[in-house]
Structure formats: C-alpha cells, structure tokens
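Asker: One-letter residues, chain by chain:
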Amino acid sequence: MKTTISSHEKMTYLSLTGSILIFFFYVRYVYLHSVVVNPDIVNDFSFWGRSFIVLIPVAIVVQIVLHIVFAIVNKILTNEDLPAKSDEMVRLIELKSIQLSHWVFVIGFFLAMGSIALNMKPAVMFILLIFSGFMASISSDVAKIYYYRKGL
Amino acid sequence: MSKCRINNEIRKLRFLSNEMTQQELADRTGVTRQTIVAIENGKYSPTLELAFRIAEVFKLPLEDIFTYQTDDDGKK
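Going down the list, the sequences are from chains A and B. Sequence positions in the first sequence follow the numbering used here and run 1 to 152. Sequence positions in the second sequence follow the numbering used here and run 1001 to 1076.
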C-alpha cells in the first residue's frame, strides 16, 4: 500500500528541521562570538537575557520564512496549496503535542531550579532552560508526526 | 476495560456514490482529506458532529456507516 505524506505532516517535518537548525546555528553563533571571546560572560545575567530575547524572534522569523519558501516550492512541485484550515483531528493532534511539550518544558524548568537549589552556577540553569525549550519544541513536532502516522 | 474500535463503511460508500473522491467528501464535510484518510483507515474516530455530517452526505443513518466493536464481540 502506498503511503502518502499529508501537507500537515510535511510542515511538521519542516518545523522540526527548522527548530534543530536554528538551535544548532544560534548556539554555535553565540558560543563562537561571545563565550570563546570572553569565557566569563556565562556568569553575566544580561548575556543570557540578551541571548533569550534574540533567540525567540529569530526562531519565529526563520520558521515563517521556511514555511513561505516551503509553500512556494510545494506549489511548484505538486501544484497543491497548503491547507488553510485545521480541522478537528489536526486540532486534537496539536493539543496532545502541546501537552507533551509543556511537560517536557516543566521537567526542564524543575531541573533548572534544582541546579540553583544545589548551588550550581547560574549558567547551568540558563543552559537547562534553553535546552528544555528546545527539547519541548522537538518533542511537540515528534509527537505530531507520531500521531499523523499512527493515528489517535 | 475492553478495547473498543469504531469501524466504518466510508470507502465502500464513496465507491457506491459515483466513486466520490476523498477530497470531495472532505470538502462536503468541512475537514481535510487527511482526516478522511485517517477515518477510513481506522486511525481516527470522528466526533459525533463529523460522523453526522458524513452520514448526511451519504443520506444514510449513522449506524449504517459506523459500527461499534469491542474485543468482547470477537470472542463471542
């Protein structure tokens, strides 16, 4: 039996790839341009504040651009428009995947607070926070792909 | 608790309705084709509202399209 990938599933793969690339390149950029230049900066709270504030809009803009490019390429290659609506199944899958990503982030948040409770450096807390945010995003997309493939 | 499953006759009914496409049924019921595919393959149980909309398209009572089956039914 031929297995077809739906547009929603394709977009989830794109979002997953985008999240991984954004996280990898952003962490690499910050590490090379800030931490390597001045290793003590990891103890500076304003550095972490700036890193978080820049990462969020950058990630949103890159994801939007990726989706626009994907919509254009998909239209050229398959002559199919991306679905404008999300129906009950898609909404249920989104709810379940968001629920999972919230749990992943909450676990990361508790670990981050635990690191502070154990008198670890603030950098450990921020790294745990940023990593749990990344893992939450990944787990959301992986859950979506799982539900699209396996069903609800 | 027994595992339950909702079976459906949508694929057969589409064929009998002048080979209605999945996309056409999706458009007439207000969902995506992907959802119709998932329902036909038993990967998703539709809400009551969607089940009634599908029944309305085929002009049949709900129980002629969807049947409820539990593991216990198979053991009998």
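There could be a bad hint or two in this list.
[To be verified] Computed list of lysine to any residue pairs in SDA-like fashion (alpha-carbon distance at most 20 Å, straight line): (1) A/K10 <-> A/I138; (2) A/K85 <-> B/N1018; (3) A/K96 <-> A/D81; (4) B/K1043 <-> A/L118; (5) A/K85 <-> B/Q1069; (6) B/K1043 <-> A/I138; (7) B/K1043 <-> A/V142; (8) B/K1043 <-> A/Y146; (9) A/K85 <-> B/T1047; (10) B/K1012 <-> B/Q1069.
None of these hints come from the bench; they were simulated from the model.
Asker: Run every hint past the structure and note whether it holds.
Answerer: Cross-check of the supplied hints:
1. Between A/K10 and A/I138 the CA atoms are separated by roughly 15 Å; this keeps the pair inside 20 Å, and the hint holds.
2. For the hint pairing A/K85 with B/N1018, the CA-to-CA distance comes to about 27 Å; that exceeds 20 Å, so the pair is violated.
3. In summary, the hint linking A/K96 to A/D81 is not supported, as the alpha carbons are separated by about 26 Å, beyond the 20 Å threshold.
4. For the proposed pair B/K1043 and A/L118, the alpha carbon gap of about 46 Å is over 20 Å, so the pair is violated.
5. Restraint check for A/K85 and B/Q1069: the C-alpha separation of about 32 Å exceeds 20 Å, so the hint is violated.
6. A C-alpha spacing of about 23 Å is found between B/K1043 and A/I138, which places the hinted pair above 20 Å, so the restraint is violated.
7. With a C-alpha separation of about 18 Å, the suggested pair B/K1043 and A/V142 falls inside the 20 Å cut-off, and the hint holds.
8. For the hint linking B/K1043 to A/Y146, the alpha-carbon distance of about 12 Å falls within 20 Å, and the restraint holds.
9. Proximity of A/K85 to B/T1047 is assessed by CA-CA distance (about 17 Å); at most 20 Å being required, the pair is judged to hold.
10. A C-alpha spacing of about 19 Å is found between B/K1012 and B/Q1069, which places the hinted pair at or below 20 Å, so the restraint holds.
Comparing the model with each numbered hint stated earlier shows that hints 2, 3, 4, 5 and 6 do not hold.
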